[in-house]
Structures are given as C-alpha cells and as structure tokens.
Amino acid sequence: MTLLTVENLKTYFHTDFGLVKAVDGVSYEINEGEIVGIVGESGCGKSVTQLSTLQLITSPPGMIEDGKVIFDGRNLLDYPANGPEMRSIRGGKIAMIFQEPMTSLNPTLSVFQQISEMLSLHLQMDKETQRKRAIELLTQVGIPDAKRRIDDYPHQFSGGMRQRVMIAMALSCNPKLLIADEPTTAVDVTTQAQLLLLMQNLVRQYHTSLIIVTHNLGVVARYAQRIYVMYAGRIVESGSCDDIFNQPKHPYTIGLLKCVPRLDEEEDRRLVPIEGLPPNLINMPPTCAFLPRCPYKIDRCREEPWPALKPVGNQQVACYVDTKLTVQ
Amino acid sequence: MDNTLLEVKNLKMYFPVTRGLLRRKIAEVKAVDNVSFHVKTGETLGLVGETGCGKTTTGRCILRLYRPTAGQIIFEGREISHLKDRQIRLIRRKMPLIFQDPYGSLDPRQSAGSIVGEPIQFHKLVLNKNDLKERVASLFRMVGLDPNMVNRVPHEFSGGQRQRIGIARALACEPSMIVCDEPISALDVSIQSQIINLLEDLQKQFKGLSYIFIAHDLSVVRHISDRVAVMYLGRIVELTESKKLYDNPLHPYTQALISAVPIPDRRVEKQRQQIILKGEVPSPLSPPSGCHFHPRCPIASPECSEIIPALNDVGDGHEVACIKVQ
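First to last, the protein sequences are chains A and B.
173 is the number that my numbering gives to position 173 of the first sequence; each next residue is one higher, with no gaps.
111 is the number that my numbering gives to position 111 of the second sequence; each next residue is one higher, with no gaps.
Treat each hint with caution, since some may be false.
Claimed, not checked - Some chain A residues close to chain B (C-beta under 8 Å, calculated; not the full set): (1) E41; (2) A193; (3) C241; (4) P273; (5) I274; (6) T323.
Claimed, not checked - Simulated pairs of lysine-lysine, DSSO-like, Cα-Cα distance not exceeding 27 Å: (7) A/K258 <-> B/K243; (8) A/K297 <-> A/K21; (9) B/K9 <-> B/K324; (10) B/K244 <-> B/K270; (11) A/K310 <-> A/K10; (12) B/K129 <-> B/K40; (13) B/K30 <-> B/K324; (14) B/K9 <-> B/K40; (15) B/K133 <-> B/K207; (16) B/K278 <-> B/K324; (17) A/K147 <-> B/K278; (18) B/K270 <-> A/K258; (19) A/K258 <-> B/K204; (20) B/K278 <-> A/K132; (21) B/K324 <-> B/K12; (22) A/K297 <-> A/K68; (23) B/K244 <-> A/K258; (24) B/K30 <-> B/K12.
Keep in mind the hints are simulated off the structure, nothing from the lab.
Here a beta-carbon is modelled for each residue, glycine too, at the ideal position from N, C-alpha and C.
For reference, chain A alone in the conformation it holds in the complex (with noise of 0.2 Å):
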C-alpha cells in the first residue's frame, strides 16, 4: 500500500542573486512499513523537499511552486501551511525527526514538557496519562531511569540521548510517517549503529515507514529497502538497494560509490573523485547539472535539457548515456 505521494514537486527560492530552484520536479513514493533513502550532498535538495511535503519552507523567499503531495488519499498541499489541517499532520501522522537535537529541542522545556505537548494537542491525553504514556516512550527508547530522567532539561542529555528523546517525541503520536534528516550525523559511530537500530526495531514494531534523508551511503545500504539519489533538486536514479548498490547507472551514482573509502577495501585502492565543483543553484542551465563533472558525458548531453527519470531494467535513471556499454 502506498502512504505518501510525492508528485513532480517544485519548490524555488526567489533570492537576490536569482532563482534558486532547489527542488526541481521532484516525484516519489514511499510504502507502508517501508524504509527509503533519499542520497544526496550539502545544497542538492534532499531536506528541502522533506521540509516541502510539511510545507514547513520559510515563504518569502521560499515557494512550493507546483506539485501533489498525496498521503492518505489527500493532497497536503491543497491546505493552507498554518491551518488546522497541516498542524494536525505535522506531528501528528507524520513526524520529523532533525540533524541537530539540541537546537530542535526547546531548551527551557523539560522534556516531559515537550512531549506532553504533542500529546495533549493530538491525542487529547490528560495530565496523567500523558505522563504514564511519555515514561513508557522514554524507556522505549532506551534511557535509562526514564521516571527520573522525564523532569530534565535538553541539556542534561548527552548528544545520543537527545537524539532519543527527539526520536520519542517523533514517535508519541503513533505517526504512520516518519522522516528523520540526517539523524545521525552529529553523533559517533557506535551510537549512530544503536539509534539506526532502535529506529529499525520501532519501524517493524508499529509497521510505521521511515524515509532516512543522508549523506552516508553506508547507512542506506545497511537498513533502506529503496534508494533515491538527488542531485541539483532532482532524483537522478532510482530503484532497490540490491539494484542498486550492486550495478549502480548514473554516472553521478558511480561516481558517489567510487570516490568514498571502504571499510573493506583492498590495500593500496586509488580513490576515484568527482572532478570540479557540485553546482551553484542560482540560474542554472537547461542541460543536465552533471554536465560538467560527468566522466561520461556525450554530445547529446549539451544539446538536450536534462532528462527526465526513465526506467533501466529494474532503475529509474535520469541519463542520455548507457552506462553499463560504457563502463569497463
């Protein structure tokens, strides 16, 4: 069963310097009980577009231009940002989880505080239950002492901790969507391992899906089902983990597999950059981003915009080039 919807969303920021077009036509869709990555470096759109279904995009500059947002047979973006109706699904069937918990956290709140709100507002809970409800959520997951811990501030936490409690506070309202952007980026290896972990095990638990926006294709690799690689505010392939990991098609992918180190590789593997720059978003070219960093570029590329997503065997890839005549 398909949950959310996304169809060609766009959403420019109209700046000083120019157009900024940071989600360029953006279509995907993500099952129940799923878990998808969205891959993607600093600046190519990968939080713009999550921060867009929720309409959460500061407007000006920002503008949702075009595009459907379809979750529960309803398109969100045909609410008003502030109404009853948006309020009602941030948080409530679709929560958020962010990179940085101690900047998301409110830090003159308690976190029993924080979390009674999200459910005093959406689930209409009294005073003891919700307190019976965020013990129970905190224990969850996973810190320790949660009778004593509930009453402290975001700062008592160590970095992990927060992260938990965010991920809590995500989960208080029973959301059947949960996004978490970059997660994990801001704490060490091994509490990544054990946050992912708890996400994964909470994910089968409550058949909740989970879209995990990052960096780190490690990460995806290791818990996602589907993959969407972004670049330039577009998804330039798509498809299964197996799929694509194994036999990866454009060449932006490629490249991506290639250039980072592996905990496993052989000795002495010469690491394979991308060359040049990834692009300024202000008044870009009708021709595919890439372009100019791409090792397997044709002529075509330069005569024609940039194409739209097509399917290669079991992928979709946004490329005029056949990669796999051409690779090796």
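Take the given structure of chain A and dock chain B to it, following the hints.
For chain B alone, coordinates are given in the frame of chain A:
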C-alpha cells in the same frame, strides 16, 4: 629503529577542573593517559576514536600547543616536551597542522597568497619578494590551485579549495611531518576523496613526508594510514597495521567500532554481524576503574574493573590493551 621520526612515550595530558574565585582544583580530566607510539619517516599513522577519546589532544601535545603533564615527545631525535616557546616555534616549522574547519582556520582578511607565504617569511626561507612569489606560486600548483588566485581572500574559495590552501601553508616550510586533524570531515563526500588523493600524492612526491591523521571516520583512516591507533577515553586500546585492523581486530572495542561502520555495499552488509554496544561513552571526568571499556564490554569479567591493561605486542607489531587477548 633509526628511521623513527617521532616517538611519544607515556604521554599524559591532564586538564584541571577548577571551581570558585580561587580556582581551586576539584578534579582533573585525563584527556590523554599514558599514550605511547612512534611514527616512522614516510609513514602515515592514523589516530581514530569517538568524541572525547583524546585524539585531538594527543595531536596538540605533539605540536606542543599544550604543555604535557608528563611523558616524552622525541622528534627527530630531540626531546621537545619541555622546550621553551621560542625553541618550539622553530620545531613547529617541521611539523605543521592542518585543521578541520577550512572556514575558521584561515584569516578572512588575508589573501590566499599571503596566508601561504607567511610561514616562509617568518622562518626567513627566501631572500627577496620575487623568490617568495615564486615559492607561493609553486606551492599553489602543488596542491592543485591556480597560482593566479593568490590575491583572492578565503571566502572566494570553496571548502575544498580552502582546505588546499591550508595544505599549501603546511607544506610551505618543507615539513617532515604534518598533523592532519579531521582534515576532511567538514567537506562534501565527493570533495573528500579529492583531498585524500592530494595528501597521498604529496606523500609520494616528497619522499619521507609523514602524516599523523586524526579522524573519527574509520573507513577514511584505514584508507590513508599505514598503521592505525584506536583510542578510547584517553588511552590507546589497539595499534596495528591498517590491513590487520579490519581483517583481525582483537580488542572488543575495535570490533564493535568496526561493526558499527556501515559499508556501502548491499551484499557485504547483508552478511555482516553487528555488535551493538550497551550505553554510551562514560564521562572522562569519572572514567570507569581498570579498563575504561569494561562496563560496555561484551567479554568483561570482574578483574577487568581492577587491572589497567597495558598495550602489549601480541606479535608482528599488533598491540592490544586487553587482558583477555594474549
């Protein structure tokens, strides 16, 4: 071992924790606690560990940015841990530092050329302005920057280019060793590999250049290093050749650390066993007794909380600090 460039013996760096007007010492943080290792000429030693494990402090002690509490630092045959500031400045010319943050570590009002040229002038390595110009231009070319950009200021460069400026500055005085403190963590994935390759190329070009590469990313450290030291709460728990570290990790912490790093390969990932550690890294203010790792260790026994394990060679230079590993 006559090709030993740097030897660190029983290095300790304790920071006092003070309270009140009189700054009474109430506790101390043992940021680096009895750490010993050596770096050979032309070798890359990786220091890896999680936040607060003391890897950066170790690097800073070697450069004498801190005055170590105890221990010896022998660089090019000379004990430098007690040298005066004036003398140490001349030594630092031989072992510069590359910083993590390419935005904060460059003076925003200085031109790129002057940033790179400053150490050359300070140490009076050139005779006149023309020589300096030439030298800076050749350093720019060496790190893959266009020498025509010498007059630009840092904000006109991208993150990766700024890190190249930092590397050029480090190379300016013909160093024998560069301490790289998280040099690529602030960069984008596709840019990281460009900098790693540059560092590797420079090492080939200047035969005998050594690196101490400090980072939290195990895959990167393993890739670039010849040997890797894994640190936990101020101590080295395992030190070995980088190949052995992945193929045959012996310390339980190293094993957990390696299993926690996901590999971007679906087939490999499906077959890997994950070791999930209990709890979190304890506060360095009150570290556990005995082996610091014992409260989280899957194979700990009662004596682990009593004995401080020494770093022992278990064969072929593979050193482990664990009483369970013989």
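Hint check results:
Interface restraint check: A/E41 against chain B, minimum CB-CB distance 5 Å, threshold 8 Å, status holds. A cut of 8 Å between beta carbons decides the hint on A/A193: the least distance to chain B is about 4 Å, and the hint holds. Hint status for A/C241: holds, given a least beta-carbon distance of 5 Å to chain B, under 8 Å. At about 4 Å, the closest approach between the beta carbon of A/P273 and any beta carbon in chain B falls short of 8 Å, and the interface hint on this residue holds.
The beta carbon of A/I274 is positioned within 8 Å of a beta carbon in chain B (closest approach about 4 Å), and the interface hint is therefore held. With 8 Å as the threshold, the beta carbon of A/T323 stays out of range of chain B, its nearest partner Cβ sitting at about 17 Å, so the hint is violated. For the suggested pair A/K258 and B/K243, the alpha carbons sit about 20 Å apart, so the restraint of at most 27 Å is met. With a C-alpha separation of about 23 Å, the suggested pairing of A/K297 with A/K21 holds against the 27 Å cut-off.
Simply put, B/K9 and B/K324 have alpha-carbon atoms about 24 Å apart, close enough for the 27 Å limit, and the pair holds. Simply put, B/K244 and B/K270 have alpha-carbon atoms about 22 Å apart, close enough for the 27 Å limit, and the pair holds. Taking the CA atoms of A/K310 and A/K10, the gap is near 19 Å; set against the 27 Å cutoff, the hint holds. Between B/K129 and B/K40 the alpha-carbon distance is near 36 Å, which puts this suggested pair outside the 27 Å criterion.
Taking the CA atoms of B/K30 and B/K324, the gap is near 24 Å; set against the 27 Å cutoff, the hint holds. Of the supplied pair hints, the one linking B/K9 and B/K40 holds, its CA atoms being roughly 15 Å apart against a limit of 27 Å. Restraint check for B/K133 and B/K207: satisfied, since their Cα atoms lie roughly 25 Å apart, inside the 27 Å limit. Restraint check for B/K278 and B/K324: the C-alpha separation of about 19 Å stays at or below 27 Å, so the hint holds.
The suggested pairing of A/K147 with B/K278 holds, with an alpha-carbon distance near 20 Å, which does not exceed 27 Å. Of the pairs offered as hints, the one joining B/K270 and A/K258 holds, with about 20 Å between alpha carbons and a cut-off of 27 Å not exceeded. A distance of roughly 22 Å separates the Cα atoms of A/K258 and B/K204; the hinted pair therefore holds under the 27 Å criterion. Between B/K278 and A/K132 the CA atoms are separated by roughly 25 Å; this keeps the pair inside 27 Å, and the hint holds.
Restraint check for B/K324 and B/K12: the C-alpha separation of about 25 Å stays at or below 27 Å, so the hint holds. At roughly 32 Å between alpha-carbon atoms, A/K297 and A/K68 are farther apart than 27 Å, so this suggested pair is violated. Taken as a hint, the B/K244 and A/K258 pair is honoured in the structure, with Cα atoms around 23 Å apart against an allowance of 27 Å. In summary, the hint linking B/K30 to B/K12 is supported, as the alpha carbons are separated by about 8 Å, within the 27 Å threshold.
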